[in-house]
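Can you make the complete structure from the sequences, with help from the hints?
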Amino acid sequence: MLSYRHAVAADAPEVMAFWATAAEDSHRPPDSTEAVLRLIARDPRALMLAMDNNQVVGSIIAGWDGNAQAHRVWATAGYAPQPEWSRWVKPL
1 MLSYRHAVAA DAPEVMAFWA TAAEDSHRPP DSTEAVLRLI ARDPRALMLA MDNNQVVGSI
61 IAGWDGNAQA HRVWATAGYA PQPEWSRWVK PL
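Numbering-wise (my numbering), the sequence shown opens with residue 1 and increments by one.
One or more of the hints may lead you astray.
Pairwise CB distance ranges, derived in the manner of DEER restraints [to be verified]:
1. A62 - T33: 25 to 33 Å
2. M1 - A41: 27 to 35 Å
3. D31 - R5: 14 to 22 Å
4. I61 - L2: 14 to 22 Å
5. M1 - P29: 32 to 40 Å
6. M1 - H27: 32 to 40 Å
7. A10 - A62: 17 to 25 Å
8. R38 - A17: 13 to 21 Å
9. R5 - T33: 17 to 25 Å
10. A20 - N53: 15 to 23 Å
11. Q55 - D31: 14 to 22 Å
12. A35 - M1: 13 to 21 Å
13. E14 - R45: 12 to 20 Å
14. L2 - A62: 14 to 22 Å
Think of the hints as simulated: they come from the structure by calculation, not from any bench. Model, not experiment: these values are computed from the prediction. Glycine included, every Cβ here is placed at the ideal spot set by N, Cα and C.
Here it is as C-alpha cells:
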C-alpha cells in the first residue's frame, strides 16, 4: 500500500540508494548523503517520499528554481502514476 510522508534524517541512506537506481544524474553533480541530511535539516518538509511497504518508491523535492517551473520525479521500475498522486501535483 502506498503512503506519503516527509523524509527524516534516518531515511538518507535509503533515499541515496533509491536515487542511485531511479534518478538520472548525468547532467549535474552527484548527490551525497551529507547533502540530503543538510536539506532535511534546513527544510524538513522539502523532501517527500512515496513509500510502499516501508520502501522508498518515489521522491519529490519541493523548491523554487526562479523560473516558475516545478520539477517532479516519481520513478522506479514497475510503478505507474497513481490517481491519488494528483493531490500533490497542482498548477502554479
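Results for each hint:
no. : hint                  : verdict
1   : A62 - T33: 25 to 33 Å : 20 Å, violated
2   : M1 - A41: 27 to 35 Å  : 29 Å, holds
3   : D31 - R5: 14 to 22 Å  : 20 Å, holds
4   : I61 - L2: 14 to 22 Å  : 19 Å, holds
5   : M1 - P29: 32 to 40 Å  : 35 Å, holds
6   : M1 - H27: 32 to 40 Å  : 34 Å, holds
7   : A10 - A62: 17 to 25 Å : 20 Å, holds
8   : R38 - A17: 13 to 21 Å : 18 Å, holds
9   : R5 - T33: 17 to 25 Å  : 19 Å, holds
10  : A20 - N53: 15 to 23 Å : 20 Å, holds
11  : Q55 - D31: 14 to 22 Å : 19 Å, holds
12  : A35 - M1: 13 to 21 Å  : 30 Å, violated
13  : E14 - R45: 12 to 20 Å : 18 Å, holds
14  : L2 - A62: 14 to 22 Å  : 19 Å, holds
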